[in-house]
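Student: All chains should be built: construct the whole structure from the sequences, respecting the hints.
First to last, the sequence lines map onto chains A and B. 1 is the number of the first residue of the first sequence in the working numbering; add one for each residue after it. 1001 is the number of the first residue of the second sequence in the working numbering; add one for each residue after it.
FYI, nobody ran anything at the bench for these hints, they're computed from the structure. None of the values given here were measured: they were computed from a predicted structure. Treat the hints with care, as some may be off.
[Said to hold, decoys possible] Only some residues are given here: those of chain B computed to face chain A with a beta carbon under 7 Å:
1. SER1048
2. ILE1132
3. MET1211
4. ILE1212
5. SER1213
6. GLU1224
7. LEU1228
8. PHE1229
9. ILE1252
[Claimed, not checked] Covered stretches of chain A (in silico footprint by chain B; criterion: 3 or more residues with CB under 8 Å from a CB of chain B, positions within the stretch not fixed):
10. 75-87
11. 90-102
12. 138-148
13. 166-179
The beta carbon of each residue, even a glycine, is placed where N, CA and C say it ideally should be.
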Amino acid sequence: MTFSYRVRSVLAGAAALLSLQAQAAEKVTAGSLTFVSSAPLFIAQEKGYFAAEGLDVEIKFFGSAQPIAVAIASGDVDFGLTAFTAGLFNLAGKGALKIVAAQLQEVKGFEGSHILVSNKAYAEGVTSVDKLKGRSFALSQVGSSFHYMIGQLGEKVGFKLSDMELKPLQSVGNMLAALKSGQVDSMIIVPQYARALVNAGEAKSIGQIADYAPYQVGGLFASTRNVETRRPMVEKFIRAYQKGIADYRAAFVTGEEGREQVLASVHKYVFKDEDAKAAYPKILSGVMYIEEDGRMDAADIYRQVDWYRGLGYVDAGVKAETFVDVSFVKPLTQPPAK
Amino acid sequence: MRADRTPVTYRAGGFSPRMIQALGAASFVAVIAALEAAARLGWIGPLSFPAPSAIGAALADLYRSGLLAQHLGASLRRLAVGWSAGVASGLVIGFALGVSTFARSLGLPWVAAISAIPKIALLPLFIIWFGIGEGSKYATIAFGAFFPTVINTFGGVDNIPRNLIRMGQSFNLKPLSIILAIVLPGTLPAILSAFRISASIGIILLVSAEMISAQYGIGAYIIEQQNLFQLDRLMAGVVLLMAVGLAVYGIIAVLERWLLRWR
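Tutor: Listed below in structure tokens is the structure:
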């Protein structure tokens, strides 16, 4: 049929045009979790900030932080956006990846992770942070940010890590279930989950981690190979990421400017199987602080690496100065002088 | 006709595999040496596979810190309790399926259906039923050891030559005597092979069992090192599991030689 022939040729022409355009844009992959913490990445993608920089970004989703780092090391993804863990520092220390910008931060005065205790422990008298000493504490894994937070909290209020009974439970879901059922006494968790538990009367909040130990939670990672051989591409990616952060901050952190539009962008990735009415409040309760331009608290990252090294969770040979790269974005705090 | 007169040598020797311990040991040494050489020459990067010497150093660290005994002790205790429970109940059910029509008709479909479940899929349920303490760890291993024992045991009962049982019945032996004097010894080889398989599965399941809330244990140590991306220590944990596996095989081989000396 001539009609179908014509349709086909038009389609073929369109496909050729599309592939030309795709060739023009530089292909880049980024690994991320489907959390609100990765919102700047989603915003940059949806609002075309990557495209404006001439990047064709494909976002790949992972179930937890560690596989993202491994995927960067293996060259499967170019960038990763996730929380710091001892495992990630070990990989970075082996020369696989670099931290080039900031993600979440725990800062005083902006709601962040809550310190929760089970109703049972609360009834037994664990009503303030200093009474956590000797209690059990749920964490996902050894060397995760939960581990760091309880260690820092202890240093501030006067208990040692060895005073706590640490319970690695592998996932946040298990942690929540264990706290609800009173099988563990305490945990530290992002506001999204903390509020839900407290509002349902299933746990008590006894404070926020940022009031005791503010810290740099996560960052943007790039493979060492890309930093060394494709620096202009890395710069473009970070510029678009910073624009995403600017929108995120305007809508969630400093005010409500363009909030609906930003929520719509984020909703395409986070809680996407729920309708907007149900998803938007959840996204809003997951909002945490991200510093302007993705500037990182470099001094704190050094502190984290030292802390993990002191416990033997990070190799003796791992040095923060080999992978904390402050040459792309002016850091919030300077790394300590050597 | 001269060919007819050539004497025929004895041909029916069968395959009679023997175990030359030295050959097995030499292959271990060769593989370790090859890996070490590849690492030293830079053919294998430290991100791909740690050098055997690094694994050895990690093991030495573990020993020096005193944690080795704690990890091994915790895991061996879980293995002993979980495996014994799984094998004991598996033997009972396996024999029942082997000798009773009623038990077989009722139980076999269940065994077939449930044995295919990956035990790790049930971990959240085990945690709710048995808590995050030792209970869920014992249960995971017991559950894993149970099914191969059942399947092997009733298969072993099935494979006993019918004639032997019929002969016992003709001589008017009581059913209990038939089970004790004919079925049990006849099933022993299958039971011992069930021990082997279920012990391997138990060791494999140590890693799943110790995922949740274990401070000590080889499985907990391996998971910890996975999360920390410490490949040398990860492999040190794997080597420990291999050693436990070898030891268990050794013990079962001794048991086999003693129990099956009548063969």
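Student: Against this structure, judge whether each hint is valid.
Tutor: Cross-check of the supplied hints:
At about 10 Å, the closest approach between the beta carbon of SER1048(B) and any beta carbon in chain A exceeds 7 Å, and the interface hint on this residue is violated. For the restraint placing ILE1132(B) at the interface with chain A, the shortest Cβ-Cβ distance is roughly 5 Å, inside the 7 Å limit, so the hint holds. At about 5 Å, the closest approach between the beta carbon of MET1211(B) and any beta carbon in chain A falls short of 7 Å, and the interface hint on this residue holds. Restraint check, ILE1212(B) versus chain A: the minimum CB separation of about 6 Å is within 7 Å; hint holds.
At its closest, the beta carbon of SER1213(B) sits 4 Å from a beta carbon of chain A; the interface hint therefore holds under the 7 Å criterion. The interface hint given for GLU1224(B) holds, since its Cβ lies 4 Å from the closest Cβ of chain A, which is under the 7 Å cut-off. With a cut of 7 Å, the hint placing LEU1228(B) at the interface with chain A holds, because the nearest CB-to-CB distance is about 5 Å. The interface hint given for PHE1229(B) is met, as the beta carbon of that residue sits about 4 Å from the closest beta carbon of chain A, less than 7 Å.
Because the beta carbon of ILE1252(B) sits about 32 Å from the nearest beta carbon in chain A, more than 7 Å, this interface hint is broken. Counting residues of the stretch 75-87 of chain A whose beta-carbon sits less than 8 Å from any beta-carbon of chain B gives 3, enough to reach three: the coverage restraint holds. Counting residues of the stretch 90-102 of chain A whose beta carbon lies closer than 8 Å to any beta carbon of chain B gives 4, which reaches the threshold of three, so the coverage claim holds. With 4 residues carrying a beta carbon less than 8 Å from a beta carbon of chain B, the stretch 138-148 of chain A meets the three-residue requirement, and the given coverage holds.
Coverage of the stretch 166-179 of chain A by chain B holds in this model, with 8 residues showing a Cβ closer than 8 Å to a Cβ of that chain against a need of three.
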